[in-house]
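*Asks:* Sequence:
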Amino acid sequence: MPHFILGRYKFQSSVRGSMNSTTTFGPCPASSAESTQAGDKASILPSVGCEQESSVSMWIYVFLGNVLRGIGETPVHPLGISYIDDYARSENAALYISCVQTISIIGPVFGYLLGSLCAKIYVDIGYVNMETITITPGDARWVGAWWLGYLIAGAITLMSAVPFWFLPKSLPIPVDKQLNANFTPEQTRFIKDSPSAMEHKFRPEEPANFHQMAKEFVPTLKSLLGSPVYITYLCVTIIQFNSLIGMVTYKPKYIEQHYGKSASKANFLMGMVNIPAVALGMFSGGVLMKKFKLGVMGAAKFAFGTSLLGYFLSLFFFAMGCDNAKVAGITMSYTGVEGLSYQQPSLFSECNSGCLCSGSDWDPVCGENGITYVSPCLAGCTSSTGAGKNTVFHQCRCVAVTGAGSQPSNLTASLGHCPIRDSCDTMFPYFLFLSVITSFIISLGGTPGFMLLIRCIKPEFKSLALGVHTLATRTLAGIPAPIYFGAVIDTTCLKWGNTKCGRRGACRIYNTTAYSHVNTRILMSLSAPLGRFKNTLILCII
Numbered sequence: 001m002p003h004f005i006l007g008r009y010k011f012q013s014s015v016r017g018s019m020n021s022t023t024t025f026g027p028c029p030a031s032s033a034e035s036t037q038a039g040d041k042a043s044i045l046p047s048v049g050c051e052q053e054s055s056v057s058m059w060i061y062v063f064l065g066n067v068l069r070g071i072g073e074t075p076v077h078p079l080g081i082s083y084i085d086d087y088a089r090s091e092n093a094a095l096y097i098s099c100v101q102t103i104s105i106i107g108p109v110f111g112y113l114l115g116s117l118c119a120k121i122y123v124d125i126g127y128v129n130m131e132t133i134t135i136t137p138g139d140a141r142w143v144g145a146w147w148l149g150y151l152i153a154g155a156i157t158l159m160s161a162v163p164f165w166f167l168p169k170s171l172p173i174p175v176d177k178q179l180n181a182n183f184t185p186e187q188t189r190f191i192k193d194s195p196s197a198m199e200h201k202f203r204p205e206e207p208a209n210f211h212q213m214a215k216e217f218v219p220t221l222k223s224l225l226g227s228p229v230y231i232t233y234l235c236v237t238i239i240q241f242n243s244l245i246g247m248v249t250y251k252p253k254y255i256e257q258h259y260g261k262s263a264s265k266a267n268f269l270m271g272m273v274n275i276p277a278v279a280l281g282m283f284s285g286g287v288l289m290k291k292f293k294l295g296v297m298g299a300a301k302f303a304f305g306t307s308l309l310g311y312f313l314s315l316f317f318f319a320m321g322c323d324n325a326k327v328a329g330i331t332m333s334y335t336g337v338e339g340l341s342y343q344q345p346s347l348f349s350e351c352n353s354g355c356l357c358s359g360s361d362w363d364p365v366c367g368e369n370g371i372t373y374v375s376p377c378l379a380g381c382t383s384s385t386g387a388g389k390n391t392v393f394h395q396c397r398c399v400a401v402t403g404a405g406s407q408p409s410n411l412t413a414s415l416g417h418c419p420i421r422d423s424c425d426t427m428f429p430y431f432l433f434l435s436v437i438t439s440f441i442i443s444l445g446g447t448p449g450f451m452l453l454i455r456c457i458k459p460e461f462k463s464l465a466l467g468v469h470t471l472a473t474r475t476l477a478g479i480p481a482p483i484y485f486g487a488v489i490d491t492t493c494l495k496w497g498n499t500k501c502g503r504r505g506a507c508r509i510y511n512t513t514a515y516s517h518v519n520t521r522i523l524m525s526l527s528a529p530l531g532r533f534k535n536t537l538i539l540c541i542i
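The sequence shown maps to residues 1 to 542 in UniProt numbering.
Just so you know, these hints were derived from the structure itself, not from any lab.
On a predicted model such as this, the values are computed, not experimentally measured, just so you know.
Any given hint could be a false lead.
Quick list of in silico lysine-lysine cross-link-like pairs, DSS-like style, CA-CA up to 30 Å [claimed, not checked]:
(1) LYS389 <-> LYS251
(2) LYS169 <-> LYS290
(3) LYS389 <-> LYS10
(4) LYS290 <-> LYS301
(5) LYS261 <-> LYS169
(6) LYS222 <-> LYS301
(7) LYS291 <-> LYS251
(8) LYS169 <-> LYS120
(9) LYS265 <-> LYS10
(10) LYS120 <-> LYS265
(11) LYS253 <-> LYS265
(12) LYS265 <-> LYS169
(13) LYS10 <-> LYS253
(14) LYS265 <-> LYS251
(15) LYS251 <-> LYS10
(16) LYS251 <-> LYS261
(17) LYS253 <-> LYS389
(18) LYS120 <-> LYS389
(19) LYS253 <-> LYS120
(20) LYS291 <-> LYS10
(21) LYS301 <-> LYS120
(22) LYS120 <-> LYS10
(23) LYS291 <-> LYS301
(24) LYS251 <-> LYS120
Could you build the full structure based on these sequences and the hints that come with them?
*Replies:* What follows is the structure, given as structure tokens:
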């Protein structure tokens, strides 16, 4: 809805979108009277529509959409898992639940693939002439057709809801559960007063009695939260989900910034490489639990072992670093000396001192010398040929400063970033391999851990326990994790963009070395208490 209500997307650019290829355009405003006038106009344009932008709050529509989506997911996860455990044979429950969790992981695979496809399509496709767009999907200013994915996913969700109408109201309880209604000797260690239950058990054929439910809610919740095993497991999963959600949210961005991949390519790799490894791990965990008939203690030890091994493997990410991209005035000087700078004055040099350049612009060009410049003006380019994405800038004085040997008089620059260094291309396959192995091993303990949650409480508390678990993980992990992960990552930003009103916008380039370190450290800092809680969980069971 926000896409159709708001106007067209406008990105910062000092390059003309459509022009005659025979006409020359001087990016350096001081190079000609005509370009000076163009530069003056460009400096005025960003303020247009400022008041309109600040008064619109479209996030409320996205918020309400997510609330409705959460309501729709409730029958599938907390109630659906409880339903499977109630009506499946005890030895098959872990396998069936692992299948459900695997399918829920496979869903994001198609989501990332759909996101990859939509990220290649310009956000205002069908409304603008694509020949006038001077940026590519690899540019930080590019916005893909994010709204298209919601339309497609919404239609598929509506179709998937149809089979639920044909399910029976209840299924026959398996014979083994009718005969063995009591707890196992292992469960009686940590479930107090196992023979007792709620005062009134609700049956499927009974009409809903909301007064009775409300009366028993508080005592039931108190009894549930009084279980040390349940509370410890809840703390474990909250920390684990913080790590998982932070990783899934920002890993595509990490791949973009660190290894120079486009948003489309990063989403494609997440969907085809990383997420399937998680799905395979969840399913394999259920198969292993069924094959070796793991009890509560076995499930806890297995989950602890996989998380510990995954933690040690994650330490190798510190060795997967890449050098920063060569950007004049930000990661290196105009004379070729490498060194980080967070100050805007460093963008200006003697080679572009004759130009009336803006330090807030972000319109990167790649010089013949392999160095990226923040804009063609800051590269000292005095003329250009071509149009749109095919624009080529000529007589770039700053490119000549760092050129080697005899300098030709007409050094050129093309739109976009320069390619990343070969060392990063070599390191990238190892990074993907380590990500896949680590994700697979950690997710192996997912299904045993979930079965531990179901087995550590009384059967009549199962639906409530799963509901509280879902509420806690989404509230204490789903909401804060993207916020504090993003805040920490933003501390490594080297150059910020600007909104129409001149306020701080999106980050254009990060210090990739610092980004890598803070990203790995925050994941490690979450893994350390996770191990302690899992060790405590085992002690509670014993």
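*Asks:* So, for every hint listed, does it hold in this structure?
*Replies:* Outcome of the hint check:
For the suggested pair LYS389 and LYS251, the alpha carbons sit about 28 Å apart, so the restraint of at most 30 Å is met. Restraint check for LYS169 and LYS290: satisfied, since their Cα atoms lie roughly 28 Å apart, inside the 30 Å limit. With a C-alpha separation of about 16 Å, the suggested pair LYS389 and LYS10 falls inside the 30 Å cut-off, and the hint holds. In summary, the hint linking LYS290 to LYS301 is supported, as the alpha carbons are separated by about 15 Å, within the 30 Å threshold.
Annotation: proposed proximity of LYS261 to LYS169 is violated, straight-line Cα distance about 50 Å (limit 30 Å). Distance check on the hinted pair: LYS222 and LYS301 sit about 28 Å apart at the alpha-carbon level, within 30 Å; holds. Proximity of LYS291 to LYS251 is assessed by CA-CA distance (about 34 Å); at most 30 Å being required, the pair is judged violated. Distance check on the hinted pair: LYS169 and LYS120 sit about 45 Å apart at the alpha-carbon level, beyond 30 Å; violated.
With a CA separation close to 23 Å, the supplied pair LYS265 and LYS10 stays within the 30 Å bound. With a C-alpha separation of about 9 Å, the suggested pairing of LYS120 with LYS265 holds against the 30 Å cut-off. Distance restraint check for LYS253 and LYS265: the Cα-Cα separation of roughly 11 Å lies within the 30 Å cut-off, and the hinted pair is therefore satisfied. For the hint linking LYS265 to LYS169, the alpha-carbon distance of about 45 Å lies beyond 30 Å, and the restraint is violated.
This hinted pair checks out: LYS10 and LYS253 have alpha carbons roughly 22 Å apart, not beyond 30 Å. Of the pairs offered as hints, the one joining LYS265 and LYS251 holds, with about 12 Å between alpha carbons and a cut-off of 30 Å not exceeded. As the CA atoms of LYS251 and LYS10 are separated by approximately 27 Å, the hinted pair is consistent with the 30 Å bound. Taking the CA atoms of LYS251 and LYS261, the gap is about 12 Å. The hint holds against a cut of 30 Å.
For the hint linking LYS253 to LYS389, the alpha-carbon distance of about 24 Å falls within 30 Å, and the restraint holds. A distance of roughly 15 Å separates the Cα atoms of LYS120 and LYS389; the hinted pair therefore holds under the 30 Å criterion. Simply put, LYS253 and LYS120 have alpha-carbon atoms about 15 Å apart, close enough for the 30 Å limit, and the pair holds. Between LYS291 and LYS10 the CA atoms are separated by roughly 57 Å; this puts the pair beyond 30 Å, and the hint is violated.
As the CA atoms of LYS301 and LYS120 are separated by approximately 44 Å, the hinted pair breaks the 30 Å bound. Under the criterion of a C-alpha separation no larger than 30 Å, the hint pairing LYS120 with LYS10 is consistent with the structure, at around 17 Å. A hinted pair counts as satisfied when its Cα atoms are at most 30 Å apart, and LYS291 with LYS301 qualifies at roughly 16 Å. With a CA separation close to 18 Å, the supplied pair LYS251 and LYS120 stays within the 30 Å bound.
The structure fails hints 5, 7, 8, 12, 20, 21 (numbered hints given earlier, in ascending order).
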